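Asker: One-letter residues, chain by chain:
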Amino acid sequence: MVQVQVVENILSANDRIADQNRERLDQAGVFSINFMASPGAGKTSTILATHALLKDRLRVGMINGDLASTIDADRAAGAGMPSMQINTGGSCHLDAVMLHNALQNFPLDQVDLLIVENVGNLVCPAGFQLGTHLNVLIASIPEGDDKPYKYPPMYRGVNVLLINKIDVLPYFKFNMDYFRKGVEILNPEVVTFPICATSGEGVGAWVDWLADQVKRNRR
Amino acid sequence: MVYTEEEYQQKRPKLMHELSITAHLLDLALQHGAAVNARRVTDLYLVIGDLSSMVDESVQFYWDMITPGTLAEGAQLHFERVPIKMRCLTCNQEFTPPKGTFGCSLCGSDQVRIIGGDEFRLDSIGVECDQPLEMEKGT
Ligand SMILES: Nc1nc2c(ncn2[C@@H]2O[C@H](COP(=O)(O)OP(=O)(O)O)[C@@H](O)[C@H]2O)c(=O)[nH]1
Ligand SMILES: [Mg+2]
Ligand SMILES: [Zn+2]
Chain A
1 MVQVQVVENI LSANDRIADQ NRERLDQAGV FSINFMASPG AGKTSTILAT
51 HALLKDRLRV GMINGDLAST IDADRAAGAG MPSMQINTGG SCHLDAVMLH
101 NALQNFPLDQ VDLLIVENVG NLVCPAGFQL GTHLNVLIAS IPEGDDKPYK
151 YPPMYRGVNV LLINKIDVLP YFKFNMDYFR KGVEILNPEV VTFPICATSG
201 EGVGAWVDWL ADQVKRNRR
Chain B
1001 MVYTEEEYQQ KRPKLMHELS ITAHLLDLAL QHGAAVNARR VTDLYLVIGD
1051 LSSMVDESVQ FYWDMITPGT LAEGAQLHFE RVPIKMRCLT CNQEFTPPKG
1101 TFGCSLCGSD QVRIIGGDEF RLDSIGVECD QPLEMEKGT
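Protein chains in written order, with our numbering: chain A, 1 to 219; chain B, 1001 to 1139.
The set of hints was computed from the structure by calculation and includes no laboratory data.
Wrong hints could be hidden among the right ones.
Claimed, not checked - Which stretches of chain B does chain A cover? Using the computed rule of at least three CB atoms under 8 Å from a CB of chain A, they are:
{"id": "1", "segment": "1036 to 1043"}
{"id": "2", "segment": "1046 to 1052"}
{"id": "3", "segment": "1062 to 1072"}
{"id": "4", "segment": "1088 to 1094"}
{"id": "5", "segment": "1097 to 1103"}
{"id": "6", "segment": "1116 to 1130"}
Keep in mind it's a predicted model, so treat the numbers as computed, not measured.
We treat Cβ as the ideally placed atom computed from N, Cα and C, and that holds for glycine.
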């Protein structure tokens, strides 16, 4: 047997397509973010709340990866966002190729900001870069304060953490210090915003920060 | 590994994850095997940190399923598992925390930084070639 050196990330092929996606988005002048979270954490609600506050400043579109239904994409379309559904065919996460194909048909000239709603899953999407400018994790209070400790890869790889459903904090045993400690150890650089997607509390701070990121990327 | 329908549906999301990882792994091995005109890829040496989500058994399961008929049929997967490694900012020691905990196992401090465990790579492959390999192959 002869040994041949490889030393490559196992998902390097995915990363290369992700780089192409980024290039295409940059050429189109579109800033993009990848929303990841467990099912029900509030991805769609947060997208709608973000759009509601941003729509006078930026044109927001969404691409939704779902196992079967088009419910979320329909909700976004109903709110006036250019939206598209990626049928993942049973896959537990979006990958760069799926987004690449979707971008062929998405009206990029109609948006400034593209939000990709990943498949609801706290494990699988973590390793698969899509090529978006930001990776965003939405953690919600009812999931419990131990999730960073149980799902390190997801917390480790994101740029932004939105802590959603802060309105229900009084009803859950959720130790915010314990939660944040785990996050800080896994990801000292992450930018965090506590929000309530349904009432809009805290969403303003997130949206202002995001609009600033979009502006910086344009320069 | 044989699952009942119910178990399969339960594990399916997780299984799909390992399937796509395994497919990427096969692509990578075939590509590097072909680059040196290998007749066969016989071994894959993987380095996987405990901070990356991958279940070795599932990858092995899919490997046996998708490799027949390829250059890598029957190739052996070698998993080198790298434990999570942290450095304590208080006592400055390096340690591996017990699962599900992050605090310093030496002094109890919670001021710690992660310094290892993200590895997720194919380090090398073992191949059989008809012609001896030229050794100047660049990386
Ligand atoms: N109380 C409360 N419920 C919320 C909040 N955000 C979302 N929800 C609810 O959580 C459920 C799931 O939300 P959805 O946006 O569909 O989650 P997704 O599966 O991550 O896209 C819905 O019933 C929402 O109304 C919040 O901030 N507070
Ligand atoms: Mg949704
Ligand atoms: Zn210590």
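Asker: Now tell me, hint by hint, if it's right for this structure.
Answerer: Verification of the hints:
1. 1036 to 1043: holds (count 4)
2. 1046 to 1052: holds (count 3)
3. 1062 to 1072: violated (count 0)
4. 1088 to 1094: violated (count 0)
5. 1097 to 1103: holds (count 3)
6. 1116 to 1130: holds (count 11)
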